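Chains as they are written, first to last, in our numbering: chain F, 767 to 1145; chain E, 465 to 925.
Everything labelled a hint here was simulated from the structure, so no lab data went into it. Since the structure is predicted, the reported quantities are computational estimates derived from the model, not experimental observations. One thing to keep in mind: the hints can contain errors.
Just a sample of chain E residues kept apart from chain F, beta carbon distances all over 12 Å, derived [claimed, not checked]:
{"hint": "1", "residue": "G470"}
{"hint": "2", "residue": "L472"}
{"hint": "3", "residue": "D473"}
{"hint": "4", "residue": "K480"}
{"hint": "5", "residue": "R501"}
{"hint": "6", "residue": "G547"}
{"hint": "7", "residue": "E555"}
{"hint": "8", "residue": "S813"}
{"hint": "9", "residue": "A869"}
Which residues of chain E face chain F? A partial, calculated answer using Cβ under 8 Å [to be verified]:
{"hint": "10", "residue": "L556"}
{"hint": "11", "residue": "Y633"}
{"hint": "12", "residue": "K636"}
{"hint": "13", "residue": "L714"}
{"hint": "14", "residue": "G715"}
{"hint": "15", "residue": "V756"}
{"hint": "16", "residue": "Q775"}
{"hint": "17", "residue": "E776"}
{"hint": "18", "residue": "N789"}
{"hint": "19", "residue": "L790"}
{"hint": "20", "residue": "P794"}
{"hint": "21", "residue": "P797"}
In this text, a Cβ means the ideal position worked out from N, Cα and C, and glycines have one as well.
Chain by chain, the residues:
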Amino acid sequence: MKFDLTKLDELLKGAEELELENVDMSVGELELALSAMVSAAKRAEYRDLSFEALLMDFPGRVAEVELGATKANGGTRKNVVRVGGEKTLPFYNFEAQNPYRPVIAYDVFDMKVHLAGPVRKHFEEVLEDPAEWAKLCVKYGADLVTVHLISTDPTLKDTSAREAAKTVEDVLQAVKVPIIIGGSGNPEKDPEVLEKAAEVAEGERCVISSASLNLDYKRVARACMKHGHVVLSWTQLDINDQRTLNKHLLGLGMKKEDLIMDPTTAALGYGLEYSFSIMERIRLAALKGDGDLQMPVSSGTTNAWGAREAWMDAREWGDREKRGPLWEAVTALTLCLAGSDLFMMMSPTAVGLFKDTVESLSRPREVEPLDIGNWISMR
Amino acid sequence: MAKKLGPLDIYRYLPKTNCRECGEKTCMAFASQLIERDVKLEDCPQLMKPDFAEKFHHLKEMLAPGVKEVTIGTGDAIVKIGGEEVIFRHELKYFNQTALALGVHDELEADALLKRVRYVNDFKFKRIGEELTLDLIAIRSVSGDPERFAQCASKVSAETGKPLVLCSYDPKVLEAALKVVGGKRPLIYAATKDTWKEVGKLARKYRCPVVAFADDMSELKSVASALRSMGIEDIVLDPGSNVKNLSSVLGKFVLARRAAILKDDKDLGFPLLGIPAATSAENGLEKTLKEVMIAATMMDKYADLLVLHTQEIWALLPLITLRQNLYTDPRKPVAVDPGLRSIGKPTKSSPVLLTTNFALTYYTVVSDLESAGIACYLLVIDTDGLGVQASIAGGQLDASKVKDAIKRVRLGEKVKHRKIVIPGYSARISGDLELQSGWKALVGPMDSSGIKEFIEKKWSS
Ligand code: SF4
Chain F
767 MKFDLTKLDE LLKGAEELEL ENVDMSVGEL ELALSAMVSA AKRAEYRDLS
817 FEALLMDFPG RVAEVELGAT KANGGTRKNV VRVGGEKTLP FYNFEAQNPY
867 RPVIAYDVFD MKVHLAGPVR KHFEEVLEDP AEWAKLCVKY GADLVTVHLI
917 STDPTLKDTS AREAAKTVED VLQAVKVPII IGGSGNPEKD PEVLEKAAEV
967 AEGERCVISS ASLNLDYKRV ARACMKHGHV VLSWTQLDIN DQRTLNKHLL
1017 GLGMKKEDLI MDPTTAALGY GLEYSFSIME RIRLAALKGD GDLQMPVSSG
1067 TTNAWGAREA WMDAREWGDR EKRGPLWEAV TALTLCLAGS DLFMMMSPTA
1117 VGLFKDTVES LSRPREVEPL DIGNWISMR
Chain E
465 MAKKLGPLDI YRYLPKTNCR ECGEKTCMAF ASQLIERDVK LEDCPQLMKP
515 DFAEKFHHLK EMLAPGVKEV TIGTGDAIVK IGGEEVIFRH ELKYFNQTAL
565 ALGVHDELEA DALLKRVRYV NDFKFKRIGE ELTLDLIAIR SVSGDPERFA
615 QCASKVSAET GKPLVLCSYD PKVLEAALKV VGGKRPLIYA ATKDTWKEVG
665 KLARKYRCPV VAFADDMSEL KSVASALRSM GIEDIVLDPG SNVKNLSSVL
715 GKFVLARRAA ILKDDKDLGF PLLGIPAATS AENGLEKTLK EVMIAATMMD
765 KYADLLVLHT QEIWALLPLI TLRQNLYTDP RKPVAVDPGL RSIGKPTKSS
815 PVLLTTNFAL TYYTVVSDLE SAGIACYLLV IDTDGLGVQA SIAGGQLDAS
865 KVKDAIKRVR LGEKVKHRKI VIPGYSARIS GDLELQSGWK ALVGPMDSSG
915 IKEFIEKKWS S
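Bound-form chain F, shown alone:
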C-alpha cells in the first residue's frame, strides 16, 4: 500500500513532540501512531463531563404470581410467596425496582434417591421420609418445598396416583410453606398422578409440575383450574415451544397469573449458555410486551449436580465439598441474572451463597464511598 507523504506532512504540522525511535511498523500502525501524536498536539485537558445514563422504559411487565394460600384464601399455608412483577431486567435497580427477590424451593423425593455426597450429608436421616425431609428443608430456610413423586414411574415403583396423593397430604401437613408437586416425568402416568394430587391439595394453591407438550397438558391444566393451583409450563430449551405451550394453556382459560414457565436448566459446563440465552430472550420479550411470555420463570437448578465437576471426588479438581455447592450456586446466579425467578435447589451451602449474592445485588445504590487504595495495598 502506498502512503501519501503530502498527507503525512500535513498531519505533522503543529505537532509539538515527535518520538519515532521505533519505526519498524506497518503503514497502518504508522498512521495510527501519527494521528495519536497529532491529537496529542491538540491540548491535553481534563474536562468535567457529565455521564447521562441510558435508561429503558419497558412497556411490558411480567405477571405477578402468588404461590400458596393462607386460611383467608381457603388454604392452610402460613404465608404466601410471590414471584414475578418485573419491570426491568434483574437487579437493574438504577432504572426500576423489581418487586420480589428470587425464591428457593428445596427438592424432596418420595423415595430414596441417589444424591451427590455434598448434598446427601445434609439429608442423610430423612431420605426415606418425605414429610421429615420437607421439614428439614424448611429448617434450612426453604421458601417452598417441591415434592417429586418419582416413585410413580412405572419403571420404578409404579406407586399409584392415590398412594402418591397421600405423600402430598403428608407433606402439606408437615410444613406450612407453599409447595410444588412434581410428577415422575412419565408422560402416560403423570396426568393421572398430578390430577389426583391437585385434588387432594385443593385450595392450597400449589404449583403443579408440569404441563408439557409431550403429555396430556389439558388434563393437568384443567385439574389445576378446578382445584385452584398454578401450572408449571415446561419446555426444553426452545423459546418457540415455550410460547406455543403457554398459548395453549392461556387458550384453555388459564391466566398469566396462574402460570410459571420452565424452559429447562442445563448445568454450568453442560449447556448453561443455552438456558441463559433462552431465559434472557424470554424476559426481554416479556418486557417488550409479548403476553405469551410474561410469566415468571423457574429453574431446575438441581441439574447442576449432574455435572461431574460438581459431584466427582477428584483430587485434581480440589475439594468437592466446596466445588459442588459453588457449581450449583453459580448456575443459579447466572440464570438469575438472565431472568429466572424461582430456583429449585438442593444444597444448603449453595443456597446460602446464592442468597448472599442476591442480597448484595439488591442493595440500594447509595453507599459509603469506595476506599480505592485498599485492594492494591492489601497484604
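Chain F is already provided as a structure; the job is to place chain E with the ligand on it using the hints.
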C-alpha cells in the same frame, strides 16, 4: 456500531466488482460476512488499493465495534479484550472472552511469588476440546516503594510469558516498573482524576494500554476523555469494584456497556475491568467463596478482565467453565450429526455404546472414550440436540428410535455380538429396547467418566 448495520449499508462502499478474490461469490455476500465478523475488510484486495482508501476508512469506522478491542502484551503472549458489539449474546455473540489475571504483590517472599507465577504459567485445563487457561499476572505495589515494585516486576517478567498488569496509584511507582518491563506492553493500572496526565504520559511513552479508574460514572468518563485528549485510545475502564455492593457494580457495568454500544459514547467504548480480588472477609474460606460469586456476577454482566486473588482450583474451575459457556458462539448448532462413529479401531467384538446428538454430551463421551483408550462403536441417536436426561424426560430418546437407528446403520453387520451399552440415565428404556430390537441393553454408568471401569468390569463380547 451504534445502530444495527445491514449488508446493504456495507455494500454501498464495496468495490462492487464481484471479482471473488475475497473468496466470496459476490460483494454482497462479503458484506454479510463482514457483519457476522467472519471476514475482515483486509480480505478484499480491491479495497486495499489506494483508490479505495477513503471508502476503506469509512467502512472501518462503520464496522468498529462499540467496545474497542484492546491488546495487552506482545508477540505470542498477547491477550485481547473487548471488541464487543452486542448487549446480549444471542444478538450475535460475545467475542473476546473475559481475561483472568491472578494477583501477586511486591512484598511476597521470593518463593511464594515464584509459586504463584508458575501456577499461572502451568494452569491448563482441558474441557470439551478446549484448553482453558489463566491469562495475566497483576502485580500490586503493596510497599509503595518504586524500586521494590520494579524489582518484583522484573522477577515476574523473567519467569513468565503471560502479559502483566502493573497496579499502583502512584505514577512514580508505575514508571519504575515500566522502565524494566515497559517493552512487554503491560496494562497500566491506573490513571485517575488526579494522575491522568502523568500516567497518560507513561502510557504514551511506553505505548501501553492504560486503565481509567473512577468510582463515579461522570468522573470515569472525564478521565477516559482526558486520556483520549492525549491521543491514547487503548483504554480499559474500572468503574470501581465495590464488592460489598454488587448492585452498584452491576449498574455501572451495564450502563457503561449501554453507553458504548447503544449510544456510541467514545469515552466509554472500552473494555471493563472488575476486581473480585478486592473481596474483604475475615475468614479465608468464606472470602474465596464470595470472590467466586462476585467474579461470576461480573462475568455474566460484561466484565472483560478480572483480577482474582484465589488460586484454589475448586474456585477457579466454576469460573473458567462459566467463561467457556458464555463465550460459546450461540450460532453454533446444538446438535451433531446422528449415526455410527468409530472410536479407535473397533473390531467385530468391540463394545457398542449409545449416546445422544447433543453436542456437549457427544463431545464429552468421545473425549472420555478416547482418553480411556477404548476401541468401540458409538451410536449417536438424533434426540433433537437434547442430552440424555432431557431426552428421556421429553421422549426424544426411546426404544423405537434406538431400534430404528440400529437398523439404519446396519449395526448387526458391524459387530458379531448383540449387546449395546446405554447411558445410566436411560435405564428406563432398557426393557423396551430389548423387546423391540432383540439387542441386550447393558445399563452403563450415569456419567461417562465411569465408562472405562464399566467396560473393564462388565463387558465381554
Ligand atoms: S474481493 Fe472485494 S470486490 Fe471482489 S468480490 Fe470480494 S468484496 Fe467484492
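Results for each hint:
1. G470: Given that every Cβ of chain F is farther than 12 Å from that of E/G470, nearest at about 21 Å, it holds.
2. L472: holds, 26 Å
3. D473: holds, 23 Å
4. K480: holds, 21 Å
5. R501: Non-interface label on E/R501 holds, nearest chain F Cβ at 18 Å vs cutoff 12 Å.
6. G547: holds, 16 Å
7. E555: Its Cβ does come within 12 Å of chain F, the nearest being 10 Å, so this is violated.
8. S813: holds, 29 Å
9. A869: Correct as stated: the minimum Cβ-Cβ distance to chain F is 20 Å, above 12 Å.
10. L556: Violated, because the Cβ-Cβ distance from E/L556 to chain F comes to roughly 12 Å (cut-off 8 Å).
11. Y633: holds, 7 Å
12. K636: Check failed: Cβ of E/K636 comes no nearer than 14 Å to chain F, outside 8 Å.
13. L714: Result: holds, 6 Å to nearest chain F Cβ.
14. G715: With Cβ-Cβ at 4 Å, under 8 Å, it holds.
15. V756: holds, 6 Å
16. Q775: Result: violated, 10 Å to nearest chain F Cβ.
17. E776: holds, 6 Å
18. N789: holds, 4 Å
19. L790: holds, 6 Å
20. P794: holds, 6 Å
21. P797: For E/P797, the interface hint is violated, since the closest Cβ of chain F sits about 11 Å away, which is over 8 Å.
Against the hints set out earlier in the document, violations occur for numbers 7, 10, 12, 16, 21.
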